[in-house]
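A.B. asks: Sequence:
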Amino acid sequence: MTALKYLQAYPAALQDQVRQLIAKDQLGEYLQQRYPERHDVQSDKALYSYALALKQEHLRNAPAIDKVLFDNRLDLTHRALGLHTSISRVQGGNLKSKKEIRIAALFKEAAPQFLKMIVVHELAHFKESDHNKAFYKLCEHMLPGYHQVEFDLRVYLTYRDLAGKARE
Numbered sequence: 001m002t003a004l005k006y007l008q009a010y011p012a013a014l015q016d017q018v019r020q021l022i023a024k025d026q027l028g029e030y031l032q033q034r035y036p037e038r039h040d041v042q043s044d045k046a047l048y049s050y051a052l053a054l055k056q057e058h059l060r061n062a063p064a065i066d067k068v069l070f071d072n073r074l075d076l077t078h079r080a081l082g083l084h085t086s087i088s089r090v091q092g093g094n095l096k097s098k099k100e101i102r103i104a105a106l107f108k109e110a111a112p113q114f115l116k117m118i119v120v121h122e123l124a125h126f127k128e129s130d131h132n133k134a135f136y137k138l139c140e141h142m143l144p145g146y147h148q149v150e151f152d153l154r155v156y157l158t159y160r161d162l163a164g165k166a167r168e
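full-length UniProt numbering puts the first residue of the sequence shown at 1, with every later residue one more than the last.
Just so you know, these hints were derived from the structure itself, not from any lab.
The reader is advised that the hints may include incorrect statements.
As the list claims (entries may be wrong) - Here are the simulated EDC-like cross-link-like pairs (lysine to aspartate or glutamate), alpha carbons at most 16 Å apart as the crow flies: (1) K127 with E100; (2) K5 with E150; (3) K108 with D66; (4) K127 with E29; (5) K99 with D66; (6) K5 with D161; (7) K98 with E57; (8) K45 with E29.
Said to hold, decoys possible - Distance windows between CB atoms, simulated: (9) K98 with Q17: 38 to 46 Å; (10) E109 with Q26: 30 to 38 Å; (11) N72 with A23: 47 to 55 Å; (12) G92 with G145: 28 to 36 Å.
Backbone N, C-alpha and C fix where the C-beta goes; we use that ideal spot for every residue, glycine too.
Please put together the full structure from these sequences, using the hints given.
C.D. replies: Written out as structure tokens, the structure reads:
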């Protein structure tokens with residue numbers, strides 16, 4: 001039985017469906033059918049503009065974003081697809097807070113829906129720090145169908161792992 005580390009929290013029936021696709025060697029076809037295109041956000045500057053546009057559309061009252069970038073150091077071994085940070089520094093007599101979002105570099109090659117899901121997820125943390133009901137409600141508001149895209153992203157990560165093991 002194939003261990004599905006990215007899908008462990010999902011019901012066994014869903015995991016079994018993914019295992020069946022793996023056994024039939026159809027997981028790549030499933031993903032290609034649902035997410036055929038790739039986005040064109042390839043630079044940190046473009047990613048910043050992309051995140052800022054989403055923030056302006058949905059979270060006008062949230063704190064300003066100071067930096068958004070693709071990060072090669074974020075990897076799946078630390079279970080971090082994206083990261084939001086708030087760094088406070090003393091400048092003169094004032095305390096300045098900087099908000100940053102870092103997105104794993106593997107999303108440069110992903111479907112636009114996956115990139116949007118990760119950015120939405122990190123932006124939602126500006127309003128809701130915990131993964132609670134309000135957090136996921138906000139994610140769903142910013143990206144209708146958020147939960148399906150998150151599930152498919154986990155399927156995509158599973159596929160990437162399997163493809164990597166096949167090359168070894």
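A.B. asks: Tell me, which hint numbers fail for this structure?
C.D. replies: Structure breaks hints 3, 4, 7, 8, 10, 11 and 12.
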